[in-house]
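Chains as they are written, first to last, in numbering that gives the first Met the number 0: chain X, 0 to 287; chain H, 0 to 265.
Since the hints were derived computationally from the structure, they do not count as laboratory data.
All residues carry an ideal CB built from backbone N, CA and C; glycine is no exception.
Below, a sample of chain X positions facing chain H; criterion: calculated Cβ distance under 7 angstroms: (1) V182; (2) L210; (3) S214; (4) L263; (5) P265.
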Amino acid sequence: MSYLSIRDLELRLKGGGRLLRRVSLEVARGEVHGLVGESGAGKSMIGKAVLGTLPRSVEIVSGQILLDGTDVLAMHPAARRRLIGATCALIPQDPLTALNPAHRVGPQITDRLVDILRWPRAKAEARARELLAEVQIAEPERVMRSYPHELSGGMRQRILIASAFAAEPKLIVADEPTTALDVTVQKQILKLIKAMQERHGTALLFVTHDLGVVSKICQRLSVLYAGMVVEDTDVRTFFRAPRHPYSRALLAATPKYTDPTHSLTPVPEAVIATVRAEVAEADRRAGA
Amino acid sequence: MTEIYRVEGLHLSLADMTRKPLLGAAPRIEILKGLDFTIPRGAVLGIVGGSGSGKSTLGRALVRLLEPSSGSIRFEGTDITHLGEAALRPLRRRFQMIFQDPMSSLNPRHRVGGIIAAPLRLHGFDDVAARVGRALDHVGLPRGFAARYPHELSGGQRQRVGIARAIALEPEFILADEIVSGLDVSSQAQVLNLLGGLVRDLGLTLAFISHDLSVIRRLCSRVIVLYQGRIVEDRETAALFADPQAAYTRELLDAIPLPDPDQPWT
Numbered sequence: 000m001s002y003l004s005i006r007d008l009e010l011r012l013k014g015g016g017r018l019l020r021r022v023s024l025e026v027a028r029g030e031v032h033g034l035v036g037e038s039g040a041g042k043s044m045i046g047k048a049v050l051g052t053l054p055r056s057v058e059i060v061s062g063q064i065l066l067d068g069t070d071v072l073a074m075h076p077a078a079r080r081r082l083i084g085a086t087c088a089l090i091p092q093d094p095l096t097a098l099n100p101a102h103r104v105g106p107q108i109t110d111r112l113v114d115i116l117r118w119p120r121a122k123a124e125a126r127a128r129e130l131l132a133e134v135q136i137a138e139p140e141r142v143m144r145s146y147p148h149e150l151s152g153g154m155r156q157r158i159l160i161a162s163a164f165a166a167e168p169k170l171i172v173a174d175e176p177t178t179a180l181d182v183t184v185q186k187q188i189l190k191l192i193k194a195m196q197e198r199h200g201t202a203l204l205f206v207t208h209d210l211g212v213v214s215k216i217c218q219r220l221s222v223l224y225a226g227m228v229v230e231d232t233d234v235r236t237f238f239r240a241p242r243h244p245y246s247r248a249l250l251a252a253t254p255k256y257t258d259p260t261h262s263l264t265p266v267p268e269a270v271i272a273t274v275r276a277e278v279a280e281a282d283r284r285a286g287a
Numbered sequence: 000m001t002e003i004y005r006v007e008g009l010h011l012s013l014a015d016m017t018r019k020p021l022l023g024a025a026p027r028i029e030i031l032k033g034l035d036f037t038i039p040r041g042a043v044l045g046i047v048g049g050s051g052s053g054k055s056t057l058g059r060a061l062v063r064l065l066e067p068s069s070g071s072i073r074f075e076g077t078d079i080t081h082l083g084e085a086a087l088r089p090l091r092r093r094f095q096m097i098f099q100d101p102m103s104s105l106n107p108r109h110r111v112g113g114i115i116a117a118p119l120r121l122h123g124f125d126d127v128a129a130r131v132g133r134a135l136d137h138v139g140l141p142r143g144f145a146a147r148y149p150h151e152l153s154g155g156q157r158q159r160v161g162i163a164r165a166i167a168l169e170p171e172f173i174l175a176d177e178i179v180s181g182l183d184v185s186s187q188a189q190v191l192n193l194l195g196g197l198v199r200d201l202g203l204t205l206a207f208i209s210h211d212l213s214v215i216r217r218l219c220s221r222v223i224v225l226y227q228g229r230i231v232e233d234r235e236t237a238a239l240f241a242d243p244q245a246a247y248t249r250e251l252l253d254a255i256p257l258p259d260p261d262q263p264w265t
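Using the sequences and the hints, build the whole thing.
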């Protein structure tokens, strides 16, 4: 059975347009599911909806988000926060804004364990040291006493990965976790996330605009356009035989140094017209 | 003369403000450590490297937004290494720059037409309105866009305005610093195809700074690979990709995740 099931999730800007159009997807335990699409397609919104961190301007119109069979949207808000806090975590995009510059790194990992999950401080600190070692940080003690600005971008992202895995979550949402990094550092960080996820058996919802990254770490993916899933398939099928014309167009637009003549084709107007018509048709049916 | 730029022994150091004592001068940190290269006329030169490799600093030295500490930069035979602002002014029309983030390089309170017209007026061009219109034509934006504000445009359209502003002055050389890194793949493809076409049609010479070798492969005729302020490889694009010489170039290539689940990525 899937660990995360999203069923017909509908999000709307308060007093405005639809952000997600009946989005459904399933993520099994220990599976990595990619969410891809252009900016504004709604991929980050799905992650935020799962974690209960949607901006105030966005409302959930309908749909279900099931964690291990429990519909979190039907729960009392306090109980929902407790459940999500205990079972889910986030690896954010920008490690510099995600860490508080005025605080040392150690407490930023342990405070959540102590304050929210009620771990004894000593246990939390031991766990933080253990995890920093697991994310290949050479001197965990020294790093825990450091301030974020004293560390490199790659180090900061490692710390956030350690922090995300600290409470042994069942599901992690990773929102463009390597976009701000150099390509060589990106590779190390992606390999690290993949290795940690496999070792801990964590399900991962991986938001990215980079199809290259998807092909390296995901088993399945959903392609979004204007808040609608246009294709949901396994990675091999997607890269070998994408079904939707928009998926094919996205692949053709992706730069590929091994095949320079067959890359960087903009998404054709006709494809955009097709997918827009599908969106309009979905809206018409939703209105009826 | 077949080269538009000749750079010899270029060193550039900047004040390291993170280590500045409360009183007294900040220590200098050397960013560029002796670069030698030329940019042939009509070339599209890719400048690639990791963060902190000095690629943006090099770009800014070429268009003299930064002054080198030693060595020399010759533009069309003129030594511009230490030229003062007054002497640079007439040359500035001839080497233009397109910035990474169009949101911060386009004044949000000015209309697109005004943004493109400003440098034209500054350099004393006549028939400014006609030139603005032609620049918009070149970048594939409707002339009506002159009346719009940057926030009304998509990311790709804003970047086209940045390109229009640069080409309106009919420069010989354009520096493009990571101009597609914030764009979606489709807009990225559009902007790159546009830029490639303009280089051909207008006979421009372009230096294209990027961290993305896949993009460089498509656009550039020659590539310089920078690593910690030094050039580790300077070759024709096809040769570089067929047989990378420097260990760092190889490392960069191996790190690129190709959109292919069967690519070994070890």
